[in-house]
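*Asks:* Sequence:
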Amino acid sequence: MADERLWQRDKAGFGSGETMSAGPLAEQFVELTRLLLAASTPAQVLQQVVAAAYRVVPGADLVSVTLRAPDGGFHTPVSTGEVALELDQVQYRAGTGPCVDAADSESPGYIRSEDLKAEKRWPDFSRAAVRHGFTAILSTVLVPDAAPPRLPGALNIYSRRPGALDSRAQDTALLLATHGSLALATTNAVSRTELEGSHLRRAVESRDVIGQAKGILMQRRGLTADEAFDLLRRTSQDLNVKLAELARTLATRHTELDIP
Numbered sequence: 005m006a007d008e009r010l011w012q013r014d015k016a017g018f019g020s021g022e023t024m025s026a027g028p029l030a031e032q033f034v035e036l037t038r039l040l041l042a043a044s045t046p047a048q049v050l051q052q053v054v055a056a057a058y059r060v061v062p063g064a065d066l067v068s069v070t071l072r073a074p075d076g077g078f079h080t081p082v083s084t085g086e087v088a089l090e091l092d093q094v095q096y097r098a099g100t101g102p103c104v105d106a107a108d109s110e111s112p113g114y115i116r117s118e119d120l121k122a123e124k125r126w127p128d129f130s131r132a133a134v135r136h137g138f139t140a141i142l143s144t145v146l147v148p149d150a151a152p153p154r155l156p157g158a159l160n161i162y163s164r165r166p167g168a169l170d171s172r173a174q175d176t177a178l179l180l181a182t183h184g185s186l187a188l189a190t191t192n193a194v195s196r197t198e199l200e201g202s203h204l205r206r207a208v209e210s211r212d213v214i215g216q217a218k219g220i221l222m223q224r225r226g227l228t229a230d231e232a233f234d235l236l237r238r239t240s241q242d243l244n245v246k247l248a249e250l251a252r253t254l255a256t257r258h259t260e261l262d263i264p
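Going by my numbering, the sequence shown opens with residue 5, and the numbers climb by one from there.
Keep in mind that a hint or two might mislead.
Quick list of simulated restraints, FRET-style, between CB atoms [to be verified]:
#, residue 1, residue 2, range
1, Ala55, Glu110, 28 to 34 Å
2, Asp170, Glu90, 45 to 51 Å
3, Asn244, Leu186, 44 to 50 Å
4, His79, Arg131, 31 to 37 Å
5, Thr45, Thr228, 43 to 49 Å
6, Thr228, Ala47, 22 to 28 Å
7, Gly219, Ala55, 51 to 57 Å
8, Val245, Glu86, 43 to 49 Å
9, Pro127, Leu186, 33 to 39 Å
10, His79, Arg238, 42 to 48 Å
I should point out that these hints are in silico values taken from the structure, not numbers from a laboratory. Virtual Cβ for every residue (Gly too), placed ideally from N, Cα, C.
Input sequences plus hints: build the corresponding full structure.
*Replies:* Given below as structure tokens:
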């Protein structure tokens, strides 16, 4: 019971201006930071952020993430329930709704409605949400990439209780979205670096194996370097085999093969 009271006190005090002690809510953020630092892919980051939002945001009954593709389209890669996919899709089709509006480049940082039964801004979405029993929503901006074009997304939190997603829940969600945005930017940068490194390694390996194949042909046929390369290129075209693959086969099995 003592732990539960401490947990509820932290939830109530978060964002109220009071100094937050190192109680359960603070410990949740410490644990989230640890998990985000350990995440190696954007998908893992999003899963951790969504799970944390479901645990720590007061009133959270359903959580999802909205991301934007370079062509401007929206999608929901992670959620805590299938209903979130349906409700997010209603907004994507309409081109408006808290998820879409929060992900707009002109967004104030969050979009909130504490009573969807009385909400007039998004009639299609509001009716769909209420039909599924959700009467409040909070969407906070999520920036998945630090590099241009910096297409923002959103962290979306649905509640079955009108008024549950208040300013305190908003503060918690904004902090979660900030954690997530920083972790996403880091993992995306790492992914790009690894990809570039992988491409570079493959390019170096291809260059080396082509050099080995050229050397074999120069020795066996008495060709110059240019003549050996031309022979490899023509043969790869005739056989419809990539030049690097042909060179690798010749370099590793040159005692068994001969190029006409």
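*Asks:* Hints first: check each against the structure and report whether it holds.
*Replies:* Right, here's what the structure says about each hint:
Judged by the Cβ atoms, the range 28 to 34 Å given for Ala55 and Glu110 holds: they are separated by roughly 30 Å. Judged by the Cβ atoms, the range 45 to 51 Å given for Asp170 and Glu90 is violated: they are separated by roughly 26 Å. Range check, Asn244 to Leu186: about 47 Å between beta-carbon atoms, so the 44 to 50 Å window is met. Between His79 and Arg131 the beta carbons are some 22 Å apart, a value that contradicts the proposed interval 31 to 37 Å.
The beta-carbon spacing between Thr45 and Thr228, approximately 48 Å, falls within the hinted interval of 43 to 49 Å. Range check, Thr228 to Ala47: about 51 Å between beta-carbon atoms, so the 22 to 28 Å window is missed. Gly219 and Ala55 have their C-beta atoms about 56 Å apart, which keeps the hinted 51 to 57 Å range intact. Range check, Val245 to Glu86: Cβ separation about 46 Å, and the 43 to 49 Å hint holds.
A beta carbon spacing of about 36 Å between Pro127 and Leu186 agrees with the range 33 to 39 Å that was offered as a hint. Judged by the Cβ atoms, the range 42 to 48 Å given for His79 and Arg238 holds: they are separated by roughly 46 Å.
This entry does not satisfy hints 2, 4 and 6, going by the numbered hints stated previously.
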